[in-house]
Amino acid sequence: MTTPAEIYDIEAIRVDRSALSIREAASVLNNELTAPVVARLVRKAIGDQADRFPLRSLKAVYERVLPQIFEPDEAVRSRVAGLMPAVSGITLGEYHEFLDASERKIAFPPVAATLLVKAYGEDILGEPYAAAALLLRKIFDAVGDEGNE
Amino acid sequence: MSHSGVIAGLYAGNFAVEISTDNTAWTAVSNANVKIDDVELNRPSGEAFVGGSSDYATITVGKREPLEITLTFLYNEDTNSAANTIFDQFQSASPRLGVRWSPRGLVGSARAYGTSNDGGTTFGLGVITNVTLSTLDPSDAEPYVAMVTVRTPSLRRYTLGSSPTNLNPAP
Numbered sequence: 001m002t003t004p005a006e007i008y009d010i011e012a013i014r015v016d017r018s019a020l021s022i023r024e025a026a027s028v029l030n031n032e033l034t035a036p037v038v039a040r041l042v043r044k045a046i047g048d049q050a051d052r053f054p055l056r057s058l059k060a061v062y063e064r065v066l067p068q069i070f071e072p073d074e075a076v077r078s079r080v081a082g083l084m085p086a087v088s089g090i091t092l093g094e095y096h097e098f099l100d101a102s103e104r105k106i107a108f109p110p111v112a113a114t115l116l117v118k119a120y121g122e123d124i125l126g127e128p129y130a131a132a133a134l135l136l137r138k139i140f141d142a143v144g145d146e147g148n149e
Numbered sequence: 001m002s003h004s005g006v007i008a009g010l011y012a013g014n015f016a017v018e019i020s021t022d023n024t025a026w027t028a029v030s031n032a033n034v035k036i037d038d039v040e041l042n043r044p045s046g047e048a049f050v051g052g053s054s055d056y057a058t059i060t061v062g063k064r065e066p067l068e069i070t071l072t073f074l075y076n077e078d079t080n081s082a083a084n085t086i087f088d089q090f091q092s093a094s095p096r097l098g099v100r101w102s103p104r105g106l107v108g109s110a111r112a113y114g115t116s117n118d119g120g121t122t123f124g125l126g127v128i129t130n131v132t133l134s135t136l137d138p139s140d141a142e143p144y145v146a147m148v149t150v151r152t153p154s155l156r157r158y159t160l161g162s163s164p165t166n167l168n169p170a171p
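Protein chains in written order, with our numbering: chain A, 1 to 149; chain B, 1 to 171.
The hints are simulated quantities; they were obtained by calculation from the structure and are not laboratory data.
All residues carry an ideal CB built from backbone N, CA and C; glycine is no exception.
One thing to keep in mind: the hints can contain errors.
[Unchecked claim] Quick list of the computed label-pair ranges, beta carbon to beta carbon:
(1) B/161 x A/92: 33 to 41 Å
(2) B/140 x A/74: 53 to 61 Å
(3) B/6 x A/81: 53 to 61 Å
(4) A/117 x B/111: 50 to 58 Å
(5) B/132 x A/82: 45 to 53 Å
(6) B/74 x A/39: 33 to 41 Å
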């Protein structure tokens with residue numbers, strides 16, 4: 001029988017940002033984030049690293065882990081910096097659809113995945129969700145450049 | 001520092017030790033830990049002599065050698081005792097153990113050390129290279145002990161918080 005650890009170091013937990021890929025983002029984030037869904041996500045991101053922590057540490061663990069799944073770190077930022085979007089295949093209609101979905105507060109609309117695939121190729125769906133916002137911004141920055149030409 | 005007087009020496013009998021099997025949950029084992037052997041940090045060096053009039057060698061220094069930490073524990077058969085944890089961990093498919101200790105014990109802002117796999121940036125689990133159940137000798141009146149040796153690539157040196165109750169780093 002495992003007893004809860006009296007000494008635990010939440011700061012030492014390593015978070016695998018690839019636990020939530022762009023491919024999975026729509027199915028996870030556009031539905032209600034129930035406790036089992038969040039638990040599965042956290043478990044996928046940190047494995048058994050917190051298994052011995054006492055139950056009272058749940059809030060602190062989640063508060064450390066979840067932002068790291070959703071927000072990019074330096075590794076993600078530098079990877080995104082090295083990617084150049086190809087915007088020639090994106091239509092104005094798709095752009096408008098994306099803006100509309102954003103306004104309706106849809107966490108990750110299907111058209112966002114369409115834009116990313118058109119700009120970066122099918123493999124982009126395997127990248128961490130934490131990179132999605134940066135990748136989309138790069139597309140719109142590039143569109144802005146094109147509009148000025 | 002000065003050329004005169006004597007600086008305060010440290011009596012290290014109040015040292016604190018924690019072990020971990022997963023690098024996030026730590027178990028205080030100070031009350032079962034009898035001794036930590038010499039922990040030696042070494043680097044290899046090389047040398048070459050050259051011709052000509054030079055009367056001395058040129059010396060180069062190599063990379064940090066792995067180091068070994070040997071802990072001696074009071075033998076105990078309780079489920080969560082240090083001796084049991086270590087034996088179970090040695091038998092497991094992943095025989096790794098994290099060790100961290102503070103020579104001054106749980107004292108505010110005391111220096112502490114822990115096993116690390118990244119040159120000292122974060123804690124890491126070392127590998128258990130030896131577990132020794134000491135000699136059974138009826139003529140020996142000393143408490144029965146068990147030893148474990150952990151081999152790690154590097155040490156993390158860090159500072160405890162202002163009022164530490166464990167060996168977590170200062171926030």
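*Mind checking the hinted window 45 to 53 Å against the Cβ distance between residue 132 of chain B and residue 82 of chain A?*
holds, 51 Å
_Assessment of proposed distance window 50 to 58 Å (beta carbons of residue 117 of chain A, residue 111 of chain B)_ = holds, 52 Å
*If you check the beta carbons of residue 140 of chain B and residue 74 of chain A, does the distance land in 53 to 61 Å?*
Given range 53 to 61 Å: holds, Cβ gap about 56 Å.
*Given a hinted range of 33 to 41 Å, is it respected by the beta-carbon distance of residue 161 of chain B and residue 92 of chain A?*
Violated, at about 56 Å.
*May I ask you to test the hint 53 to 61 Å on the CB atoms belonging to residue 6 of chain B and residue 81 of chain A?*
Since residue 6 of chain B and residue 81 of chain A have Cβ atoms about 57 Å apart, the given range 53 to 61 Å holds.
_Cβ separation of residue 74 of chain B and residue 39 of chain A, checked against the hinted range 33 to 41 Å_ = For residue 74 of chain B and residue 39 of chain A the Cβ distance comes to about 39 Å; the hint holds.
When held up to the earlier numbered hints, the structure conflicts with hint 1 and nothing else.
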